[in-house]
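Student: As a plain string of letters, each chain reads:
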Amino acid sequence: MKRDYCLDIRHLTRVEGHANISITVKEGKLLDARWAVVETPRFFEVMVKGMSAERVPFLTSRICGICSISHALASIRALERAMKIEPPVVAETTRLLAMHGETLQSHALHLFFLVAPDFTGDGSVLPLITSHPDLVKAGLRIKELGNEISTVSAGRCTHPVSLVVGGLSKAPEKQQLLKLRTMILESKPALDTACSFFRTLKIPEFKRETEFISLCNGSRYPSIGGSIISTDGVKRDENEYLLMTNEYSRDFSTSKFTRLSRESSVAGALARFNNNYDLLHPKAKEAAASFAFQPVCHNPFMNNIAQLIECVHILEDARELIDSLLDMELQDIKTPYSPKAGSATGAVEAPRGILYHHMETSDEGKVIRADCVIPTTQNNANIGYDLSAIAEQALQEGKNDREIEKLCEMVVRSYDPCISCSVH
Amino acid sequence: MKHWGFTFEKLKIASFDFTCCEGCQLQLANRESTLIDFLELLDIRNFRELSSEQFDDYDIALIEGSISRQDEVERLQAIRRQAKTLIAFGTCACFGGVNSLKNKFPLNESVAEVYPGMQVETMAVRKISDLVKVDLSIPGCPVNKEEVERLMVNLATGSQVTLPKHPVCFECKAQLNTCLFELGEICLGPITRGGCNAVCTTGKTPCLGCRGPSEEINMPAFVELVKERELSLDDLQEKIAFYNAFEGFSNHEA
Chain L
152 MKRDYCLDIR HLTRVEGHAN ISITVKEGKL LDARWAVVET PRFFEVMVKG
202 MSAERVPFLT SRICGICSIS HALASIRALE RAMKIEPPVV AETTRLLAMH
252 GETLQSHALH LFFLVAPDFT GDGSVLPLIT SHPDLVKAGL RIKELGNEIS
302 TVSAGRCTHP VSLVVGGLSK APEKQQLLKL RTMILESKPA LDTACSFFRT
352 LKIPEFKRET EFISLCNGSR YPSIGGSIIS TDGVKRDENE YLLMTNEYSR
402 DFSTSKFTRL SRESSVAGAL ARFNNNYDLL HPKAKEAAAS FAFQPVCHNP
452 FMNNIAQLIE CVHILEDARE LIDSLLDMEL QDIKTPYSPK AGSATGAVEA
502 PRGILYHHME TSDEGKVIRA DCVIPTTQNN ANIGYDLSAI AEQALQEGKN
552 DREIEKLCEM VVRSYDPCIS CSVH
Chain E
5 MKHWGFTFEK LKIASFDFTC CEGCQLQLAN RESTLIDFLE LLDIRNFREL
55 SSEQFDDYDI ALIEGSISRQ DEVERLQAIR RQAKTLIAFG TCACFGGVNS
105 LKNKFPLNES VAEVYPGMQV ETMAVRKISD LVKVDLSIPG CPVNKEEVER
155 LMVNLATGSQ VTLPKHPVCF ECKAQLNTCL FELGEICLGP ITRGGCNAVC
205 TTGKTPCLGC RGPSEEINMP AFVELVKERE LSLDDLQEKI AFYNAFEGFS
255 NHEA
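Protein chains in written order, with this note's numbering: chain L, 152 to 575; chain E, 5 to 258.
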């Protein structure tokens with residue numbers, strides 16, 4: 152059983168961005184397992200310097216093509232807190248809806264386009280169009296619904312147009328909200344189809360204890376703002392993000408790393424599920440029970456299922472948010488403000504985990520310093536440790552080279568890494 | 005194959021991303037209701053983000069992003085050697101995009117600020133046509149999927165491939181929007197190429213010119229308009245610089 156094995160994946164496929172996996176085994180002993188992000192850095196924290204605060208969310212949304220709404224809202228929240236601006240209730244409710252839309256499309260893209268082919272043994276979603284037509288249609292339906300929710304609430308699904316400092320530049324129209332409400336109700340069968348499919352899958356058995364970090368605001372499943380909590384019992388204020396992240400660099404990766412109580416930690420759907428299970432909609436808890444899925448779960452592959460459970464939660468909660476918007480006068484949408492010097496953190500739960508933007512403004516309302524800590528950055532270290540552990544487990548189980556390679560790819564994909572985002 | 009009444013060969017297409025957010029590539033997976041029909045048009049040979057099946061026998065290469073590292077230059081040149089039609093896909097590829105804002109700052113200071121104590125390779129951001137010949141440009145931040153679908157159908161059927169010549173204002177007026185200038189905002193709609201359905205201005209957010217200049221723009225007259233209305237020239241400058249899409253037009257005098 153003393154084998155040599157070398158895995159060298161350059162530019163892993165079916166993930167957002169460019170990164171490599173390498174594993175070296177000599178005489179049956181694991182020497183090295185590495186997750187190396189090689190994406191080109193863009194330097195957004197430099198670009199924003201000197202820009203007017205009102206323009207900055209339009210720039211930072213361009214950090215990511217998948218979670219642009221989260222980036223816009225993290226900047227907006229940081230800038231509103233820095234300049235002491237209270238957005239109106241209509242804006243706050245609409246923003247929560249926009250976040251739901253983004254998370255739904257992001258989870259659907261990940262689950263159906265990137266993850267499902269691993270379980271059906273295909274290279275992409277394309278063969279599934281003929282082999283699993285109902286599943287693909289269901290996935291497209293959920294993704295379309297997510298994009299439609301974002302378009303109605305933020306003006307556009309990628310790079311939002313109406314989310315602005317102070318509130319909204321334009322309120323959603325009630326007629327659109329009513330149509331959206333119908334679309335949500337009509338999409339439930341698609342989500343049932345998806346859940347049935349995922350229940351048939353054999354999720355790899357693997358467990359490595361780690362620390363899960365997410366936002367927590369006590370009354371709602373986390374989305375925009377709140378305190379930061381971990382499964383190791385840490386709890387801190389949003390503005391203390393530096394103490395929660397402890398960001399550091401390694402020379403083999405253009406994406407950074409973070410740590411809290413252990414060598415590594417996790418952000419994302421599984422972290423939110425583990426920390427905030429009680430705040431999920433009863434329908435989402437029911438769905439979780441059908442997978443025998445309970446907190447605290449330490450199997451990274453279950454992040455996929457956590458995303459699916461969040462889709463169930465979102466369909467229920469988005470309808471409730473729409474109902475409350477339909478009961479409001481959608482007139483007061485933006486709080487007038489004058490520029491102010493200040494600094495604050497805006498934290499949101501992006502689809503892949505906590506996204507922190509810290510912004511410092513001048514008297515004239517220009518941004519003079521910015522810092523962004525991205526969810527995937529918070530997962531990089533954990534991905535590395537998981538790769539080591541899963542490679543070792545697979546070697547002990549006598550898996551062949553191809554099986555080990557596939558497991559390694561799958562464990563990375565289960566984190567849904569957003570690599571170009573993490574190398575902003 | 006037959007599609008929408010036309011007989012043609014599927015487009016052997018590949019999609020590659022460089023310094024960018026990958027948002028334009030992702031638009032290809034949007035407009036879900038027409039997606040399966042749209043995919044019928046394409047023989048996807050290489051698309052790392054969505055498929056593990058990768059081949060190098062493509063005819064059309066979509067290039068997303070701008071160029072800011074030497075390995076990207078080499079990768080781009082290799083793609084140019086293979087592709088019969090190379091398409092600059094999105095604002096970053098066409099103009100440099102928001103990434104170009106980095107060029108205002110000294111590279112070593114940017115690296116020292118973001119990666120203190122670490123060597124990180126980076127260079128001034130360039131658009132695709134600064135490095136290789138571009139056969140077609142599809143601007144937009146992000147690209148408009150509806151327009152992409154139309155252009156792909158035209159490519160597949162051998163029809164003429166053109167972008168609208170009119171400015172965003174035409175499309176904005178058609179939506180019966182109140183002009184943002186009337187609301188005291190500088191909007192780049194009058195000088196920016198249409199084709200986006202005026203999505204930003206319809207959301208009451210000023211156009212920042214992601215689609216670049218429309219045909220025959222009159223920049224001096226536009227600057228005069230801003231001055232006449234006593235709007236901020238700094239604000240104008242910030243907007244024009246946002247996507248680097250008005251290179252050669254932006255030397256207006258305050």
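Bear in mind the hints are in silico, worked out from the structure with no lab data behind them.
Keep in mind that the hints are not guaranteed to be accurate.
Unchecked claim - Counterexamples of contact, computed for chain L against chain E with all Cβ distances above 12 Å:
#, residue
1, His162
2, Lys200
3, Glu205
4, Leu247
5, Phe264
6, Lys294
7, Asn298
8, Asp343
9, Thr382
10, Val385
11, Asp402
12, Ser441
13, Pro446
14, Lys517
15, Asp522
16, Glu560
Said to hold, decoys possible - One-sided excerpt, in silico: chain L residues whose CB lies under 7 Å from chain E:
#, residue
17, Leu158
18, Asp159
19, Arg161
20, Thr164
21, Glu167
22, Asn171
23, Glu196
24, Arg213
25, Cys215
26, Ser400
27, Ser494
28, Ala540
Everything numeric in this text was worked out from a predicted model, so none of it was measured.
Using N, Cα and C, we set each Cβ at its ideal position, and we do this for glycine too.
Student: Hints first: check each against the structure and report whether it holds.
Tutor: So, going through the hints one by one against the coordinates:
1. Against the 12 Å criterion, L:His162 falls within the reach of chain E, whose nearest CB is about 6 Å from its own CB.
2. The beta carbon of L:Lys200 sits about 8 Å from the closest Cβ of chain E, which is not more than 12 Å, so the claim that it is off the interface is violated.
3. With a minimum CB-CB distance of about 9 Å to chain E, L:Glu205 fails to clear the 12 Å threshold, and the non-interface call is violated.
4. Distance check on L:Leu247: its Cβ is at least 18 Å (rounded) from any Cβ of chain E, clearing the 12 Å threshold; non-interface status holds.
5. For L:Phe264, the non-interface assignment is contradicted: its Cβ lies about 6 Å from the closest Cβ of chain E, within the 12 Å cut-off.
6. Not every CB of chain E is more than 12 Å from the CB of L:Lys294 (nearest about 6 Å), against its label as outside the interface.
7. The beta carbon of L:Asn298 is not kept farther than 12 Å from every beta carbon of chain E, the shortest such distance being approximately 6 Å.
8. Against chain E, the non-interface label of L:Asp343 holds: every CB pair exceeds 12 Å, the least being about 18 Å.
9. Annotated as non-interface, L:Thr382 keeps its C-beta farther than 12 Å from every C-beta of chain E; the closest such distance is 30 Å.
10. Distance check on L:Val385: its Cβ is at least 26 Å (rounded) from any Cβ of chain E, clearing the 12 Å threshold; non-interface status holds.
11. Under the 12 Å C-beta cut-off, the non-interface status given to L:Asp402 relative to chain E is violated; the minimum distance is some 6 Å.
12. With a minimum CB-CB distance of about 26 Å to chain E, L:Ser441 clears the 12 Å threshold, and the non-interface call stands.
13. For L:Pro446, the non-interface assignment is confirmed: its Cβ lies about 31 Å from the closest Cβ of chain E, beyond the 12 Å cut-off.
14. With 12 Å as the threshold on Cβ separation, the claim that L:Lys517 sits away from chain E is violated: the shortest Cβ distance comes to roughly 10 Å.
15. For L:Asp522, the non-interface assignment is contradicted: its Cβ lies about 10 Å from the closest Cβ of chain E, within the 12 Å cut-off.
16. Here L:Glu560 does not stay apart from chain E, with its beta-carbon only about 8 Å from theirs, under the 12 Å limit.
17. A least Cβ separation of about 15 Å between L:Leu158 and chain E goes past the 7 Å threshold, and the interface hint is therefore violated.
18. Hint status for L:Asp159 relative to chain E: violated, with the closest Cβ pair at about 16 Å, above 7 Å.
19. For L:Arg161, the suggested interface contact is broken, since its CB lies about 10 Å from the closest CB of chain E, more than 7 Å.
20. Residue-level restraint check for L:Thr164 holds (minimum Cβ-Cβ distance to chain E is 4 Å; threshold 7 Å).
21. Restraint check, L:Glu167 versus chain E: the minimum CB separation of about 6 Å is within 7 Å; hint holds.
22. This hint is violated: L:Asn171 has a C-beta 12 Å from the nearest C-beta of chain E, more than the 7 Å allowed.
23. At its closest, the beta carbon of L:Glu196 sits 6 Å from a beta carbon of chain E; the interface hint therefore holds under the 7 Å criterion.
24. With 7 Å as the threshold, the beta carbon of L:Arg213 comes within range of chain E, its nearest partner Cβ sitting at about 5 Å, so the hint holds.
25. The restraint placing L:Cys215 at the interface with chain E holds, with a minimum CB-CB distance near 5 Å, inside the 7 Å limit.
26. Interface hint at L:Ser400: satisfied, since its Cβ lies 5 Å from the closest Cβ of chain E, which is below the 7 Å cut-off.
27. Because the beta carbon of L:Ser494 sits about 17 Å from the nearest beta carbon in chain E, more than 7 Å, this interface hint is broken.
28. Because the smallest distance between the Cβ of L:Ala540 and any Cβ of chain E comes to about 24 Å, over 7 Å, the interface hint for this residue is violated.
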